[in-house]
Amino acid sequence: MDDAARILQLIVNGAASGCIYGLIALGFVLIYKATEMVNFAQGDVMMIGGFIAFSLITQFHMPYWIGGLLAIIITAAFGYALDALIIRRVIGQPQFAVVMLTLGLGFIFRAAAGITWGYDSVGFNTPFTNKRANIGGLVLGQDNLSIIVGTVLLCGVLYLFFSKTRLGVAMQAASQNQLAAYYMGIPVRTIFSLIWAISAGVACLAGILLSPVSMIDVNMGFLGIKAFAAAVIGGFGSIPGSLIGGVIVGIVEQFAGYDLPAGFQEVTSNVVLLLMLLVRPQGLFAERTGKRV
Amino acid sequence: MRYLFRTQYRQDIALWRHNGDRFWYGLLAVLVLIAPLVLGEFYIGELGAVFIFAIAGVGLMLLVGYTGLISLGHAAFLGIGAYVNAVLLAQGVPFLVTLPAAGLFTALCGAAIGRPTLRMSGLYLAIATLAFGSIVGTVFQKWTAVTGGFDGFAVPTPTIFGIPVEGATGIYYVSLVVLAFVLCVSANLLRSPTGRAMVAIRDSEVSAQSMGIHLARYKTLAFAISAGMTGLAGALFAHYVRFLAPDAFDVLLSVQFVTIVFVGGLGSLRGAILGAMFVRLLPQFIAVVRDDLPFGIGRLPGLEPSLFGLVLVLVILFQPGGLNGMWLKFKAWFQAFPFKRQTGFRRQKSYAKSERLR
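Residue numbers (this note's numbering), protein chains in the order written: chain X, 1 to 293; chain S, 294 to 651.
Hints are computed from structural coordinates only; laboratory data are not their basis. Cβ coordinates follow ideal geometry from the N, Cα and C atoms, glycine included. A couple of the hints might just be wrong.
[What the hints assert, rightly or not] Only part of the chain X face toward chain S is listed, based on derived beta-carbon distances under 7 Å:
#1 Leu-101
#2 Asn-219
#3 Leu-273
#4 Leu-275
[Claimed, not checked] Covered, in the sense of this in silico footprint (three residues per stretch, anywhere, with C-beta under 8 Å from a C-beta of chain S), are these stretches of chain X:
#5 82-93
#6 197-203
#7 220-233
[To be verified] Some but not every residue of chain S turned toward chain X, in silico, with C-beta under 8 Å:
#8 Tyr-318
#9 Val-357
#10 Arg-412
#11 Gly-415
#12 Ala-419
#13 Ala-509
#14 Val-548
#15 Leu-605
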């Protein structure tokens, strides 16, 4: 393999894993934009979504597409319940209470998944597993391509949803100004729970897309830490920013894995995160913010 | 019921509120001083570990409970303190120099990591410290020339004025002295203008800023002090474990430290000590009841972290005051007996506070 092809290969692989980080980061950003909370259990929600898809497809023998869709719906319902039953109770408490609450919930999810599905890595057959696509003489894995295509499709759907539908516009309104949204007759609490549901659904999709590339296991939630780097690079409030941040982190990580000795690849995302905070803490796509008294 | 009549403003910031405080804390001091004469080796070792965790807990309490910032990387500071102390000792530097050196160096690390991060909202500190912890863990593993990597690092026995500090009792007394020092510094810091500035930042950044408090400077100072105290705890921790392994300082340990603060009760130094007792006793308790639990729960691989997670969630949802808050309620029940009121400790209805300009 010549050098240009290898670099292109690394870029595609990096973009694929970067899309996964971007999707998790998208979940953070959706919730953060609406409620100013950060869900530290986002990676664990993805893990649960992946396991639900595994159960439906492998144990209940559903077709991939139906099982995947059903898993997304179930995980979204889980996200709704999570907000409606637990997270809503700490509204108004300091920010770090929510951080610790979601972190604690993440540990509980991990244990619950371990009890239900066991501690071994599992996987399921997808239409993309172990297939290759030949594009202009370049051989790429279909699994990686499916992640990129799936992410792009999801972004299109979310964009249409937020800009064209009544519910999407209501969500934007509730994110921008809760009080004004209340006065306009928007049920803000339900809207927030629905945003948690969308975020959980996106996480589940990330888990399903990831499954042909890496196995599903209980500790998969630690990917969430890498997604923080993606969100911070994007500016923690920008939806396209989080995806671009994810792709940047993914590609940097691939090149680090190729050029650096073993063991350093795992921390590159953290180094990128800290460098970003040093150089440009507000991120690439910063919102104009200030404080109101 | 005791009524406190204040005749001077100084009474508001006095270290001891009344003579009852002096008596009970004095009694406690005597009890912990004579404990090694009464208790066995195992209990003294455990109590020493509680003291070490309490030192780190007090440090983190200053950050979380009094400044309103959260760190998920304090295990890294514990590790830095431990390795600095152990490496310097191995070079032949006396213990009375390496201990403060460990604290100072860790405080500098804290300032270095806090300086860029604390310009942003408090959430960024949580994320940045999480990343920092993972980077430091990798450095411990890979920098084998200094840390020994996974082969471990045997910590030399320290000597103070020619007397070797050996065994559980030696570590116990050294930890006790450091804990007393840290508590004294914290209590005095909190009644100084710096401590007041920290509390003001916790309660409202906007109003603190408009009172002329330089937010980033005080936040960085609080973070550095907190990291430094954790570094002191780390130096002692090195002697407690006697053999440093790089994977001991992971996220789980950081979560344990935060559990100390939340379970103990935010905004109280007493809470940090109560929380440290809880966090050290919980694994012992699990070890005892492990075989008696139904459905084989006791043999789950991830039992301990998930129990810490569960305790955190329950405390945040139902008992935000933590153990200290429970004690205050208990005391108030007796003081007001029989006139306890249902609404006495009801939480105020609170609303979402925005940090953004809309």
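Restraint outcome when Leu-605 of chain S is required to lie within 8 Å of chain X by C-beta distance: 4 Å, holds
Confirm or reject the coverage of the region 220-233 of chain X by chain S under the rule of 3 or more residues with a beta carbon closer than 8 Å to the chain's beta carbons. As far as the region 220-233 of chain X goes, the hint holds, because 4 residues have Cβ atoms under 8 Å from chain S.
Quick check on the hint: Ala-419 of chain S CB to chain X CB, less than 8 Å? 5 Å, holds
Are 3 or more residues of the region 82-93 of chain X near chain S, judged by a Cβ distance of less than 8 Å? Since three or more residues must qualify, the claim that chain S covers the region 82-93 of chain X holds, with 6 doing so at under 8 Å.
Measuring from the C-beta of Gly-415 of chain S to each C-beta in chain X, is the shortest one below 8 Å? Gly-415 of chain S check passes; min Cβ-Cβ to chain X is 6 Å, inside 8 Å.
Three residues minimum, CB to CB under 8 Å: does the region 197-203 of chain X make the cut for coverage by chain S? Let me know. Contact hint for the region 197-203 of chain X vs chain S: violated, 0 residues under 8 Å.
With a cut-off of 8 Å on the beta carbons, see whether Val-357 of chain S makes it to chain X. This hint holds: Val-357 of chain S lies near chain X, its Cβ roughly 6 Å from the closest one there, short of 8 Å.
Restraint satisfaction for Asn-219 of chain X [CB to CB of chain S, less than 7 Å]: Hint on Asn-219 of chain X: violated, closest Cβ of chain S at ~9 Å, above 7 Å.
Does Val-548 of chain S pass the interface check with chain X, least Cβ-Cβ distance below 8 Å? With Cβ-Cβ at 7 Å, under 8 Å, it holds.
Given a cut of 8 Å on the nearest C-beta pair, is the interface hint for Ala-509 of chain S held or broken against chain X? 11 Å, violated
Should the hint that Leu-275 of chain X touches chain S count as held when the rule is a Cβ pair under 7 Å? 10 Å, violated
Tyr-318 of chain S was flagged as interface toward chain X. Is the shortest Cβ-Cβ separation under 8 Å? 29 Å, violated
Checked against the numbered hints above, the structure breaks hints 2, 4, 6, 8 and 13 and satisfies the rest.
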